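Student: The lines below spell out each chain.
Number of protein chains: 2
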Amino acid sequence: VVRSGAVGEVVASRTDRYRAGDMVSGLLGWQEYAVIDGGVTVLPPGTDPLVAMSVLGATGMTAYFGMTDVGRVGEGDVVVVSGAAGATGSVAGQVARRKGAAKVVGLAGDATKCAWLVAELGFDAAINYKTEHVARRLHEECPDGIDLYFDNVGGDILDACLGQLALRGRIVLCGAISSYNEQGRPKGPSNVYNLIIQRGRMEGFLILDYFDRFPSAQAEMAGWAAAGHMKHKVHVVEGLEHTPDALNLLFTGGNTGKVIVQL
Amino acid sequence: VVRSGAVGEVVASRTDRYRAGDMVSGLLGWQEYAVIDGGVTVLPPGTDPLVAMSVLGATGMTAYFGMTDVGRVGEGDVVVVSGAAGATGSVAGQVARRKGAAKVVGLAGDATKCAWLVAELGFDAAINYKTEHVARRLHEECPDGIDLYFDNVGGDILDACLGQLALRGRIVLCGAISSYNEQGRPKGPSNVYNLIIQRGRMEGFLILDYFDRFPSAQAEMAGWAAAGHMKHKVHVVEGLEHTPDALNLLFTGGNTGKVIVQL
Numbered sequence: 002v003v004r005s006g007a008v009g010e011v012v013a014s015r016t017d018r019y020r021a022g023d024m025v026s027g028l029l030g031w032q033e034y035a036v037i038d039g040g041v042t043v044l045p046p047g048t049d050p051l052v053a054m055s056v057l058g059a060t061g062m063t064a065y066f067g068m069t070d071v072g073r074v075g076e077g078d079v080v081v082v083s084g085a086a087g088a089t090g091s092v093a094g095q096v097a098r099r100k101g102a103a104k105v106v107g108l109a110g111d112a113t114k115c116a117w118l119v120a121e122l123g124f125d126a127a128i129n130y131k132t133e134h135v136a137r138r139l140h141e142e143c144p145d146g147i148d149l150y151f152d153n154v155g156g157d158i159l160d161a162c163l164g165q166l167a168l169r170g171r172i173v174l175c176g177a178i179s180s181y182n183e184q185g186r187p188k189g190p191s192n193v194y195n196l197i198i199q200r201g202r203m204e205g206f207l208i209l210d211y212f213d214r215f216p217s218a219q220a221e222m223a224g225w226a227a228a229g230h231m232k233h234k235v236h237v238v239e240g241l242e243h244t245p246d247a248l249n250l251l252f253t254g255g256n257t258g259k260v261i262v263q264l
Numbered sequence: 002v003v004r005s006g007a008v009g010e011v012v013a014s015r016t017d018r019y020r021a022g023d024m025v026s027g028l029l030g031w032q033e034y035a036v037i038d039g040g041v042t043v044l045p046p047g048t049d050p051l052v053a054m055s056v057l058g059a060t061g062m063t064a065y066f067g068m069t070d071v072g073r074v075g076e077g078d079v080v081v082v083s084g085a086a087g088a089t090g091s092v093a094g095q096v097a098r099r100k101g102a103a104k105v106v107g108l109a110g111d112a113t114k115c116a117w118l119v120a121e122l123g124f125d126a127a128i129n130y131k132t133e134h135v136a137r138r139l140h141e142e143c144p145d146g147i148d149l150y151f152d153n154v155g156g157d158i159l160d161a162c163l164g165q166l167a168l169r170g171r172i173v174l175c176g177a178i179s180s181y182n183e184q185g186r187p188k189g190p191s192n193v194y195n196l197i198i199q200r201g202r203m204e205g206f207l208i209l210d211y212f213d214r215f216p217s218a219q220a221e222m223a224g225w226a227a228a229g230h231m232k233h234k235v236h237v238v239e240g241l242e243h244t245p246d247a248l249n250l251l252f253t254g255g256n257t258g259k260v261i262v263q264l
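Residue numbers (our numbering), protein chains in the order written: chain A, 2 to 264; chain B, 2 to 264.
Keep in mind that a hint or two might mislead.
Pairwise CB distance ranges (calculated) [as the list claims (entries may be wrong)]:
1) Val36/A - Pro144/B: 54 to 62 Å
2) Thr113/A - Thr132/B: 28 to 36 Å
3) Arg169/B - Ile37/A: 26 to 34 Å
4) Asp246/A - Val119/B: 54 to 62 Å
5) Thr113/A - Arg169/B: 35 to 43 Å
6) Glu121/A - Val2/B: 53 to 61 Å
7) His140/A - Arg169/B: 44 to 52 Å
8) Phe212/B - Ala103/A: 28 to 36 Å
9) Glu121/A - Gly75/B: 53 to 61 Å
10) His140/A - Phe252/B: 29 to 37 Å
11) Leu28/B - Thr113/A: 26 to 34 Å
12) Thr132/B - Thr253/A: 54 to 62 Å
13) Tyr34/B - His140/A: 38 to 46 Å
14) Ala35/A - Phe212/B: 55 to 63 Å
Just so you know, the hints here were simulated from the structure itself, not pulled from any lab data. Fair warning: this is a prediction, and the values are worked out from it, not measured in the lab. Built from N, CA and C at the ideal position, the CB exists for glycine as well.
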C-alpha cells in the first residue's frame with residue numbers, strides 16, 4: 002500500500018479509542034479500507050473532510066511549521082513562496098501574512114494561478130515562472146532582497162532566490178519537485194555562496210518531526226480559517242483507480258490547490 | 002591600498018589612545034606605514050606578533066565563531082574541516098576538539114599537511130583530497146554521518162559533505178576558494194536537497210559581524226594556546242614586494258598555516 006495521508010470513517014472498532022462513525026485523519030494509504038492500530042486523529046464532529054485534508058492536514062502543517070519554526074517568519078519580512086498555488090505553498094503564503102510579513106510574493110506556472118494568488122489569497126504579487134524572467138522579476142518585487150524564501154521546487158528558482166537573498170535571509174527547503182524526475186544528478190544552485198556574503202541560512206525539514214505539535218498549530222490555523230484568513234482550494238479526483246493520475250498532477254502542475262482523491 | 006589585517010608598531014601618535022612603541026593589530030593594509038584614526042587593538046606587551054596574527058587574529062576568530070556560534074559544535078559531534086592545514090581550518094579543528102567533538106577529520110591537499118594535522122594538531126584523521134576519493138573516504142571516516150562540516154573551499158568537497166550529512170547536520174560556509182578564480186558561474190552542489198532529508202542547516206557568516214565579541218574569544222583562545230592546545234604554523238614571506246606571491250599561495254595550496262608577509 003502506498004503511504005499517504007487520508008481522512009476516513011471508522012466502520013468497525015475493537016477499541017474504545019475509536020467508534021464506528023468517527024471521522025479520523027492519518028496515514029491511511031492508497032486503499033479503500035485500512036486496518037489500523039492507532040496513529041490517527043479523531044476529527045471533531047462536523048469538520049469538513051476537505052478542510053481536514055488541506056489546511057489542517059499534513060500540507061497545511063508543513064506550511065505552518067516551515068514558515069514559523071524553520072523560517073522564523075516575522076514582522077516586516079519580505080517573503081517569497083514557490084509552488085505557491087499548491088497545497089503547501091498557498092497556505093505558506095497566508096501563514097506569512099498572518100505572522101506580519103510586509104510583502105508576500107508567489108511563484109506559479111500559469112496566469113490563472115497567479116491571478117488567484119493575488120485576488121483570492123492576498124499575495125502582494127505573483128510571478129509566472131514559465132513566462133517571466135524569474136531573477137529579474139524577483140529583483141523588481143524584492144529590491145531590498147528576500148528575507149525568507151519558502152522553497153517547494155528547488156532547481157533554477159531556488160538558485161534565483163539565493164541570488165536575491167537579503168542580509169540574514171533564510172531559505173526553507175520544503176521540497177524539490179523540479180529535481181524528482183531528473184535523470185542523473187540534479188544541478189546544484191550556483192548562487193549558494195551568496196549565503197556567505199549575506200550571512201544567510203538554508204535549512205531543510207520534514208513534517209514528520211512535528212507530529213507532536215500538530216494540535217496547537219491546528220488550533221491556530223482553524224481560528225484563522227474560521228475568520229476567513231485561510232483560503233484554500235482543493236482539486237478532487239474521483240476514484241482510487243485514478244490516484245496515479247492525481248499524483249502526476251503535482252509534477253505537471255495541472256492542479257490548483259490540494260489534490261485529493263475521493264473514494 | 003589593498004585591505005588586510007596586520008600587526009604594526011606605532012612610530013608616532015597624536016592621541017592618548019596609542020603611544021609610540023605600542024604594538025597594534027587591525028586592518029592596516031598592504032603598506033609599510035599607515036596613518037590611522039582608531040580601529041586597531043593595542044596588544045599586551047610581549048604578545049608574539051605571529052600569534053597575534055594567527056590564532057588571535059581574524060583567521061583564528063573566524064575559526065572560533067564559525068565553529069561555536071554558527072556551527073554550534075558540541076559534545077560528541079563528528080566534525081569535518083576542509084582547508085584544514087590553512088590558517089582558519091587548522092584552528093577550527095582544534096576549537097572543535099576543545100569543545101568536545103568526538104571525531105575531527107581534516108581535508109588537505111598533500112601528504113605532509115595531512116600528516117601534520119594528525120601528528121601535531123590532534124585531528125583524528127586526514128583525507129588528501131587530491132589523491133583520495135573524498136566521498137568514499139568521508140563515508141569510511143564518518144559512517145554515521147557528519148554532524149558539522151566547516152567549509153573553507155566550496156565546490157566538490159562541499160557537495161561530498163552534503164551527501165554524507167548526519168541527521169540535523171550543520172554546514173558552516175566560511176569560504177569557497179575553489180570557486181573564486183572560476184570562469185563563469187560556479188557549479189552548485191547537487192546534494193543540496195539532502196538538507197531536506199537530513200533536516201540539515203547550511204549557514205554562511207562573515208567575521209566582520211563579530212568584531213565586538215573578539216575580546217572574550219581571544220581570552221579563551223589565548224588560554225588554550227598557553228596550555229598547548231592551540232598549535233599553529235605560520236608561513237612567513239619576507240618583503241612587501243612579495244605580497245602578491247604570498248596571496249597566491251592560498252590558491253595554489255603552497256602554504257601550511259597562516260601566510261604572513263613580514264616587512
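Student: Between Phe212/B and Ala103/A, does the C-beta distance stay in 28 to 36 Å?
Tutor: holds, 30 Å
Student: I want to verify a distance hint. Is the separation of the beta carbons of Glu121/A and Gly75/B within 53 to 61 Å?
Tutor: violated, 46 Å
Student: Take the C-beta atom of Leu28/B and the C-beta atom of Thr113/A, compute their distance, and say whether it sits inside 26 to 34 Å.
Tutor: At roughly 55 Å between Cβ atoms, Thr113/A and Leu28/B fall outside 26 to 34 Å, so the hint is violated.
Student: Is 38 to 46 Å right for how far apart the beta carbons of Tyr34/B and His140/A are?
Tutor: holds, 43 Å
Student: For the pair Arg169/B and Ile37/A, does the Cβ-Cβ distance stay inside 26 to 34 Å?
Tutor: Check passed, 30 Å falls within 26 to 34 Å.
Student: A range of 44 to 52 Å was offered for this pair. Does it hold for the Cβ distance of His140/A and Arg169/B?
Tutor: violated, 34 Å
Student: Within 54 to 62 Å: is that where the Cβ-Cβ distance between Thr132/B and Thr253/A falls?
Tutor: This hint is violated: roughly 46 Å between Cβ atoms.
Student: Go ahead and decide if the range 53 to 61 Å is satisfied by the Cβ distance of Glu121/A to Val2/B.
Tutor: Roughly 57 Å apart at Cβ, these two residues keep to the hinted range, so it holds.
Student: For Ala35/A and Phe212/B, compare the CB-CB distance with the range 55 to 63 Å and indicate the outcome.
Tutor: holds, 60 Å
Student: Assuming the hint says 29 to 37 Å, is it satisfied by the Cβ distance from His140/A to Phe252/B or not?
Tutor: holds, 32 Å
Student: Is the distance from the Cβ of Val36/A to the Cβ of Pro144/B consistent with 54 to 62 Å?
Tutor: Violated: the Cβ-Cβ distance is about 38 Å, outside 54 to 62 Å.
Student: Between Asp246/A and Val119/B, does the C-beta distance stay in 54 to 62 Å?
Tutor: holds, 57 Å
The structure is inconsistent with the numbered hints 1, 2, 7, 9, 11, 12, although it conforms to all the rest.
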